[in-house]
Amino acid sequence: MRILSALVVLLALATLPFWVSGYILGVLTIAYLFGVFAMSWDLLFGFAGEVNFGPTFLIGLGAYSAGLLDNHGVPVWLCVIAGAVAAVFGGLILAVPALRLRGPYFGLITLVAVLVLQQVIVIFAGVTGGEIGLTINDVLSLDPGHNYWLALGFLLISGIVLTLFSRSAAGLILQASGQDPIEAQVLGFNVVKHKLAAFAISALFSGLAGAMLVFYLGTASVDTVVDISVGVQIIIAAVLGGRRTIFGAVIGALFLIIAGEILRPLGQLSTFVVSAVALGVILFFPDGLVGYLLRRRERA
Amino acid sequence: MLALQIMVDGFAISTLYALGAIGFSLIFGVSGVLNLSHGGIMVAAAVAAWFIAGPLGAGQYLGALGGVGIGVVVALVTYGVVVRPIQRSRAIPHDETEIFVLTGTLLWGIMIQEAIAYFFSDSPITVRPLISGVVDIAGVRTPANEILTAVICWISIVLLWLLVNRTAVGKRLLAASINPRGLTLLGFELSSVYLMVWVIYGVLAAIAGVLLATFLGTSSNNIGVLTASAFSIVVLGGLGSVSGSLIAAYIIGYLETATAYLLTPTLRTIPSLLLLVLVVYVRPQGLLGRR
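Read top to bottom, the protein sequences are chains L and Z.
Those letters in the first sequence? Residues 1 to 300, per my numbering, in order.
Those letters in the second sequence? Residues 1 to 291, per my numbering, in order.
By construction, these hints were calculated from the structure, which means they are not laboratory data.
All C-beta atoms, glycine included, are put in the ideal place defined by N, C-alpha and C.
Keep in mind that a hint or two might mislead.
Which residues of chain Z face chain L? A partial, calculated answer using Cβ under 8 angstroms [what the hints assert, rightly or not]:
1) Ala91
2) His94
3) Phe100
4) Thr103
5) Leu107
6) Ala117
7) Phe120
8) Ala228
9) Leu275
10) Leu276
Let's have the full structure, built from the sequences with the hints guiding it.
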């Protein structure tokens with residue numbers, strides 16, 4: 001029943017390019033990529049129990065690596081793969097020492113990583129375009145429909161892979177490591193290895209999505225892929241949708257991006273309203289939208 | 001000459017950093033809260049001071065006082081509306097309270113930022129200095145306001161030290177940071193202790209915010225950076241250690257000033273960020289932190 005309704009929704013989403021405007025497709029394309037960011041973050045936070053304040057470090061690495069390679073004439077698909085590799089590589093360099101730390105310290109290191117990356121991009125403005133951004137000459141596709149399908153397909157594949165991983169044996173060990181690392185260790189599981197694997201997977205999808213976003217937007221800039229405020233939005237999306245659900249992160253991301261678009265006439269106040277709604281959800285439905293529904297069904 | 005210039009300028013900036021970070025550290029030490037709306041409270045106080053002094057025409061002294069008052073009010077609202085409900089919520093698992101407080105205060109900080117940008121402006125403002133004039137310190141021309149800033153900060157820090165170590169209220173704060181359950185068993189109301197610490201925190205953060213704005217100017221866009229710098233200083237010094245924050249503030253303040261003068265101002269924050277990363281790797285509990 002659940003799978004059937006999911007298929008119906010998916011089919012409906014897949015036919016959107018035939019009957020809605022390019023503008024709506026554009027908003028949804030970005031929302032889907034954003035959903036991948038939020039899902040990757042939820043894998044680390046919800047399951048591994050690590051607060052990563054720097055999802056944009058991974059996304060930015062992927063985005064800028066892909067963009068810089070593209071400017072040197074490398075084919076687009078190779079750039080996207082290279083972006084993902086760069087994100088995993090950078091993520092591991094960050095995570096291997098950082099995972100020795102717990103709680104706020106791990107969070108702080110990831111936060112600092114973003115600040116350093118941001119400064120490096122601004123300082124090497126000659127190569128990276130600095131604060132103005134890097135112009136990218138290639139696109140994934142000129143047709144908004146194709147871009148939409150690519151993003152939707154990518155979201156679907158990422159969602160399936162992440163969900164399967166989180167429900168696999170390794171995912172359960174990961175969850176145990178997040179909730180009680182000592183007990184997990186006593187049971188003979190290698191906590192650090194599992195967390196590293198989670199970090200690498202999170203980095204892989206963040207980097208891929210970052211690279212795709214760059215080719216969709218046609219530009220890589222600090223404000224769109226690196227800035228802390230982007231990271232904050234990802235965190236809000238994941239918590240809003242419901243942590244430890246993977247799927248909830250997508251709903252949260254869709255809500256955030258679409259609400260941001262609808263509230264655009266409010267101007268500067270739109271961010272205020274979105275933050276206030278998110279704060280309200282955290283205060284009154286700490287399990288998030290999806291978590292709340294799941295729990296109600298369990299009780300019924 | 002240059003060395004002296006760095007000494008003088010670095011001192012004022014470091015002292016401001018210290019005052020901002022000490023409040024942040026105090027809150028964490030006593031109630032275990034990392035308040036990510038810290039920068040928001042500082043900037044709200046500064047903007048209030050600017051608005052009362054300038055557009056309302058009440059002069060810089062009333063402005064500064066009003067700014068501190070508003071800062072305290074915002075701090076109390078942060079506690080009452082965001083932190084306390086999360087701590088008391090039954091729906092939030094106990095071991096996840098910390099991350100919810102982090103996320104909640106982060107959102108609250110963004111709301112403060114957007115509200116200031118909407119009702120006032122997001123372009124930089126400068127609060128009028130409390131005193132004007134320039135003093136010559138061994139050949140370095142220093143604005144008198146910079147000296148006054150350092151003096152006010154140090155008076156506040158000393159007063160805080162006296163309050164914590166020499167008064168009954170302060171002893172209760174200390175006790176709450178060491179063993180909250182013990183304090184409750186002795187018949188003290190823990191929530192009134194927390195209320196007290198948020199008032200003290202509000203005063204400290206607001207003074208730091210107003211003084212920073214007379215000195216470097218401020219804008220709602222600075223909120224994130226201010227929070228991040230307080231967070232880094234506190235972690236470098238050791239979470240919950242007030243004297244550690246003090247030392248760390250001077251290290252970071254001087255490192256930044258020296259970089260700005262000796263290399264280039266654009267690199268200003270890089271060495272301190274790298275130092276922070278290094279310290280956290282080698283000694284995660286910070287300089288004076290307890291495990």
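Status of the hints after comparison with the structure:
Annotation: Z/Ala91 was flagged as interfacial toward chain L, and the flag holds, the nearest CB pair being 5 angstroms apart, inside 8 angstroms. With a least beta-carbon distance of about 12 angstroms to chain L, the hint placing Z/His94 at the interface is violated under the 8 angstroms criterion. Annotation: interface hint on Z/Phe100 holds; nearest CB of chain L at approximately 6 angstroms, less than 8 angstroms. Annotation: interface hint on Z/Thr103 holds; nearest CB of chain L at approximately 6 angstroms, less than 8 angstroms.
Residue-level restraint check for Z/Leu107 holds (minimum Cβ-Cβ distance to chain L is 4 angstroms; threshold 8 angstroms). This hint holds: Z/Ala117 has a C-beta 5 angstroms from the nearest C-beta of chain L, less than the 8 angstroms allowed. Taking 8 angstroms as the C-beta cut-off, the interface hint given for Z/Phe120 is violated, the closest approach to chain L being about 11 angstroms. Restraint check, Z/Ala228 versus chain L: the minimum CB separation of about 7 angstroms is within 8 angstroms; hint holds.
For Z/Leu275, the suggested interface contact is broken, since its CB lies about 10 angstroms from the closest CB of chain L, more than 8 angstroms. The closest approach between the C-beta of Z/Leu276 and any C-beta of chain L is roughly 6 angstroms, which is under the 8 angstroms cut-off, so the hint is satisfied.
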